[in-house]
Amino acid sequence: MELDEMKSLWADLSLQVEKQDKIQKELLMEITKQKFRSKLNSVRIPEIIGSLVCVGYAMYFLSRFGEFELWYNQIFALVCIFLMIALPTASLTAIKGMRDLKIDTETPAGIMDKFVKSKVRFWKVQRYGMIFGVILMIAILPPLVELNGADEIIQKPWFWGLYVPGGLIFMLLFTRFVYKKYKETISASEKMLRDID
Amino acid sequence: MSKEEEFVNLIHENQGLIYKIATIYAKEKAEQDDLYQEIVYQTWKSFDHFKKASKPSTWLYRVGMNTAITHLNKSKKQLNTLPFDQVTIQFSESNDSEREEKIQLLYTQIRKLNLLDRGIIFLFLEEKTYEEIAEISGISVSNVGTRMSRIRQKLKSEMNPKSTTDGTR
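Residue numbers (this note's numbering), protein chains in the order written: chain A, 1423 to 1619; chain B, 25 to 193.
Quick caveat, the hints were computed from the structure, so don't treat them as lab data. Small disclaimer: the values here were computed from a predicted structure and weren't measured. Honestly, I wouldn't trust all of these hints.
Stated by the list, open to error - For lysine-lysine, the following BS3-like pairs were computed, each having C-alpha atoms within a straight-line distance of at most 25 Å:
| # | chain 1 | residue 1 | chain 2 | residue 2 |
| --- | --- | --- | --- | --- |
| 1 | B | Lys-79 | A | Lys-1536 |
| 2 | B | Lys-44 | A | Lys-1457 |
| 3 | A | Lys-1613 | B | Lys-69 |
| 4 | B | Lys-79 | A | Lys-1613 |
| 5 | B | Lys-136 | A | Lys-1518 |
| 6 | B | Lys-178 | A | Lys-1524 |
| 7 | A | Lys-1455 | B | Lys-152 |
| 8 | A | Lys-1536 | B | Lys-69 |
| 9 | A | Lys-1429 | B | Lys-79 |
| 10 | A | Lys-1441 | B | Lys-178 |
| 11 | A | Lys-1457 | B | Lys-126 |
| 12 | B | Lys-69 | A | Lys-1447 |
| 13 | B | Lys-44 | A | Lys-1447 |
| 14 | A | Lys-1441 | B | Lys-152 |
| 15 | B | Lys-51 | A | Lys-1457 |
| 16 | A | Lys-1447 | B | Lys-53 |
| 17 | A | Lys-1429 | B | Lys-126 |
| 18 | A | Lys-1524 | B | Lys-27 |
| 19 | A | Lys-1429 | B | Lys-69 |
Stated by the list, open to error - Covered stretches of chain B, as calculated for chain A (at least 3 residues, CB under 8 Å):
| # | region |
| --- | --- |
| 20 | 26 to 37 |
| 21 | 49 to 59 |
| 22 | 62 to 73 |
| 23 | 82 to 90 |
| 24 | 133 to 146 |
| 25 | 175 to 182 |
We put the CB at the ideal spot given by N, CA and C, even for glycine.
Produce the entire structure from the sequences given, and follow the hints as far as they go.
Here is the structure:
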């Protein structure tokens, strides 16, 4: 099939499309309004809840910082406060970067490039988040124990028997998930970038 | 005329264009309906810019293609189509079954191209000049030419595999 024939087919198709029943005008606005509502409902609830929990804990440590008597717990608490603010901020910023693409001002080639880069950035943030998550998991324990006066709990072998394997299994599953998604994103992104060149 | 009325008129006049974009970028009917609704929504979201746009026709092509590129990559597994029976995309099929078959074949082959090339051939079939295609898609005019000859070869060989192997047209 030559391009001329394709063009003639396309012209036929365009005529057919123009002849079809159009969606009623009042329904068009209704679609838009309903779509808007459904977008609001699909705001990333898990990310927001996770961020609120992190900020809540950071505030808790900050408000009771003066009660830490042990110097290393002060350092652990500072590390935790930093991570619990920095990690959700980085994650939400990366999500915002993916959502804020300018559909109407960018060109398709430009939007493909920006979309790919923001997606890669998102998964990079998740990867670093995973590493710092392990540090947070360990660093949060001593200051929490000191604040709640539960020193005896961490001296019990069953506590470590549950906390360490449980934490490691969770991190292992999460790591596998993130690594798989990261690899998929990178290879899909490379293909999309090759398509633009 | 209110903003809503202007918007509704724009969409109403360009439903065919939106339909064609949805059809070349999405294969399944449900995906096409979802993409159609998403383009309508994104057009509304950016509608204030439309009024300032120097070339409104270029603007709508760009919004449609950009929405297709980003939306399909974001939501491959979950569709968010609203349940309006009247909104589903339908059009009467032509009586000429051979021609209808060729149109379907054309769609199938276009969908095999990468996202950017799909947009380029779409604009070409919409009778846009190379300059207009370059302006809408954001690549240079010479790149449009290069891509067009590549697309032409690819479509020709896929739609007429025999002619390329035999060396006949």
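Status of the hints after comparison with the structure:
1. Of the pairs offered as hints, the one joining B/Lys-79 and A/Lys-1536 holds, with about 23 Å between alpha carbons and a cut-off of 25 Å not exceeded.
2. A distance of roughly 21 Å separates the Cα atoms of B/Lys-44 and A/Lys-1457; the hinted pair therefore holds under the 25 Å criterion.
3. Taking the CA atoms of A/Lys-1613 and B/Lys-69, the gap is about 29 Å. The hint is violated against a cut of 25 Å.
4. Between B/Lys-79 and A/Lys-1613, the direct Cα distance comes to roughly 31 Å. Violation of the 25 Å bound is thereby established for this hinted pair.
5. Taken as a hint, the B/Lys-136 and A/Lys-1518 pair is broken in the structure, with Cα atoms around 31 Å apart against an allowance of 25 Å.
6. Pair hint B/Lys-178 plus A/Lys-1524 does not hold up; C-alpha atoms about 32 Å apart against a cutoff of 25 Å.
7. Between the alpha carbons of A/Lys-1455 and B/Lys-152 the distance comes to roughly 33 Å, so the proposed pair goes past 25 Å and is violated.
8. With a C-alpha separation of about 19 Å, the suggested pair A/Lys-1536 and B/Lys-69 falls inside the 25 Å cut-off, and the hint holds.
9. Straight-line distance between C-alpha atoms of A/Lys-1429 and B/Lys-79 comes to about 24 Å, which keeps the hinted pair within the 25 Å bound.
10. Among the hinted pairs, A/Lys-1441 with B/Lys-178 is inconsistent with the structure: their alpha-carbon atoms are about 31 Å apart, more than 25 Å.
11. For the suggested pair A/Lys-1457 and B/Lys-126, the alpha carbons sit about 35 Å apart, so the restraint of at most 25 Å is broken.
12. Restraint check: the Cα-Cα separation between B/Lys-69 and A/Lys-1447 comes to about 17 Å, which is no more than 25 Å; the hinted pair holds.
13. Note on B/Lys-44 and A/Lys-1447: the hinted pairing holds, with a Cα-Cα distance of about 19 Å set against a maximum of 25 Å.
14. Distance hint between A/Lys-1441 and B/Lys-152 is fulfilled; the C-alpha atoms sit about 22 Å from each other, no more than 25 Å.
15. Distance restraint check for B/Lys-51 and A/Lys-1457: the Cα-Cα separation of roughly 21 Å lies within the 25 Å cut-off, and the hinted pair is therefore satisfied.
16. Proposed proximity of A/Lys-1447 and B/Lys-53 is supported: the alpha carbons are some 22 Å apart, at most 25 Å.
17. Annotation: proposed proximity of A/Lys-1429 to B/Lys-126 holds, straight-line Cα distance about 12 Å (limit 25 Å).
18. Restraint check for A/Lys-1524 and B/Lys-27: the C-alpha separation of about 21 Å stays at or below 25 Å, so the hint holds.
19. For the proposed pair A/Lys-1429 and B/Lys-69, the alpha carbon gap of about 32 Å is over 25 Å, so the pair is violated.
20. Beta-carbon proximity to chain A at under 8 Å applies to 6 residues in the region 26 to 37 of chain B; the threshold of 3 is reached and the given coverage holds.
21. For the region 49 to 59 of chain B, the proposed coverage by chain A is not satisfied: 0 residues have a C-beta within less than 8 Å of a C-beta in that chain, short of the threshold of three.
22. Interface restraint, the region 62 to 73 of chain B with chain A: holds (8 residues with C-beta to C-beta distance below 8 Å; minimum three).
23. Coverage of the region 82 to 90 of chain B by chain A holds. Counting CB-CB distances below 8 Å, 5 residues qualify, and the rule asks for three or more.
24. Coverage of the region 133 to 146 of chain B by chain A holds. Counting CB-CB distances below 8 Å, 5 residues qualify, and the rule asks for three or more.
25. Here the region 175 to 182 of chain B counts 3 residues with a CB under 8 Å from a CB of chain A, which clears the bar of 3, and the coverage holds.
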